[in-house]
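There are 2 protein chains.
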Amino acid sequence: MSTYAAIELSLPEWIDAEIDFTVRYADDDARMALAIGLARRNVELGTGGPFGAAILRSDGELIAVGVNRVVPQQCSVAHAEMLAFMSAQKRIGRFRLNEDGARYLLATSAQPCAMCYGASFWAGIDELVIGARAEDVMQLSEFDEGPLPADWIGELEKRGIAVRRDVQRQPARAIFELYRSLAGTSY
Amino acid sequence: MSTYAAIELSLPEWIDAEIDFTVRYADDDARMALAIGLARRNVELGTGGPFGAAILRSDGELIAVGVNRVVPQQCSVAHAEMLAFMSAQKRIGRFRLNEDGARYLLATSAQPCAMCYGASFWAGIDELVIGARAEDVMQLSEFDEGPLPADWIGELEKRGIAVRRDVQRQPARAIFELYRSLAGTSY
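So the sequence lines, in the order shown, correspond to chains V and R.
Here this note's numbering is used: the first residue of the first sequence is 1, the next is one more, and so on.
Here this note's numbering is used: the first residue of the second sequence is 1, the next is one more, and so on.
If you are wondering where the hints come from, they were derived from the structure by calculation, not from laboratory data.
Careful, some of the hints might be misleading.
Copies of the same chain look alike in the list, so a pair counts if it works inside one copy or between any two.
Straight-line distance between alpha carbons at most 20 Å, and here's what the computed EDC-like set of lysine to aspartate or glutamate pairs gives [claimed, not checked]:
1) K90 - D100
2) K158 - E177
3) K158 - D29
4) K90 - D126
5) K158 - D59
Sequences are here, hints too, so could you generate the full structure?
Below, the structure is given as structure tokens:
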């Protein structure tokens with residue numbers, strides 16, 4: 001093991017107590033409620049930034065979740081979507097989730113930033129379900145989303161990833177108001 | 001610790017034996033030779049894909065390195081640049097490297113893919129030094145670089161990240177020929 005080699009990222013302990021992996025999250029509203037709930041609890045419990053994400057199979061089985069852990073883990077990569085991708089791949093044992101022929105979905109409380117957007121192409125997902133828009137994030141917080149291709153949705157769809165956005169946009173936006181009211185440290 | 005929470009990523013063991021962290025990598029050629037050497041050894045030793053990266057301070061001090069570990073670690077996030085960012089942040093203890101006022105540089109053997117490109121905005125680097133171009137990667141291998149903003153260099157420069165590319169482009173390209181000749185598994 002190299003001196004600088006071992007990188008360990010973890011989700012907060014409350015995930016185990018609060019997230020029910022036996023429930024089926026049958027539709028986009030249920031999946032987005034899960035993602036938004038993760039973001040809210042992450043803010044309320046002070047375990048990271050106001051972002052939550054989940055990976056599910058199309059039948060509603062929950063595979064993995066993620067929350068933003070940038071500040072507590074001092075790692076700029078530790079966005080909610082990235083932790084969800086990595087956790088799901090670890091659980092499934094594949095670097096492309098959908099190579100088993102099932103359809104996989106990422107539900108994320110806010111539009112992926114430039115990094116998470118790029119990561120979405122390699123993770124093996126078929127559907128991307130988004131709550132708040134990038135402009136909501138940047139209007140209500142100091143978080144920067146970074147530059148995307150002009151037709152960022154088209155680029156996903158060209159590669160077989162369906163995009164549904166504005167799912168529960170208002171509750172998703174409200175997370176950033178909560179975050180601001182609690183005067184959290186942005187990353 | 002959540003059931004699906006602990007994600008561990010590591011670099012191969014040969015890094016410790018082969019990479020000298022006491023050397024000063026004084027110019028772009030030395031830094032790119034380091035990144036290309038990491039990519040080459042990763043291919044030769046079968047420890048991942050044909051990509052290498054390093055984070056240095058502008059005085060040439062080596063902070064961290066990365067190689068592609070997607071297949072061995074079954075993780076689509078484990079690109080060379082991502083491991084270099086995470087290792088450097090762990091060593092320095094900050095999620096934005098350059099908050100100490102020093103200038104930090106990423107040297108990468110090939111143009112960052114869409115994910116690593118986005119990650120470059122958040123990692124706290126000031127300079128991005130690139131070997132092979134995306135078209136070299138895609139012409140010589142089956143690796144996909146993903147979609148970038150039309151003016152991807154301009155977007156970096158707008159945010160204070162200087163870009164120098166085609167540094168040792170031919171030796172950097174040659175890594176993909178080596179990789180193909182060894183019939184490696186692409187990520």
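These are the hints, each one checked on the structure:
In this assembly of identical chains, the alpha carbons of K90 and D100 lie at most 20 Å apart only when taken from the same copy (15 Å versus 34 Å across copies). Taking identical chains as interchangeable, the C-alpha atoms of K158 and E177 are never at most 20 Å apart, the minima being 34 Å within one chain and 29 Å between chains. Neither within a single protomer nor between protomers do K158 and D29 lie at most 20 Å apart by alpha-carbon distance, with minima of 25 Å and 38 Å respectively. Taking the shortest alpha-carbon separations for K90 and D126, only the intra-copy value of 18 Å comes in at or below 20 Å, while the best inter-copy value is 32 Å.
Taking the closest pair of Cα atoms, K158 and D59 never come within 20 Å of each other, the shortest separation being 24 Å inside a single copy and 43 Å across copies.
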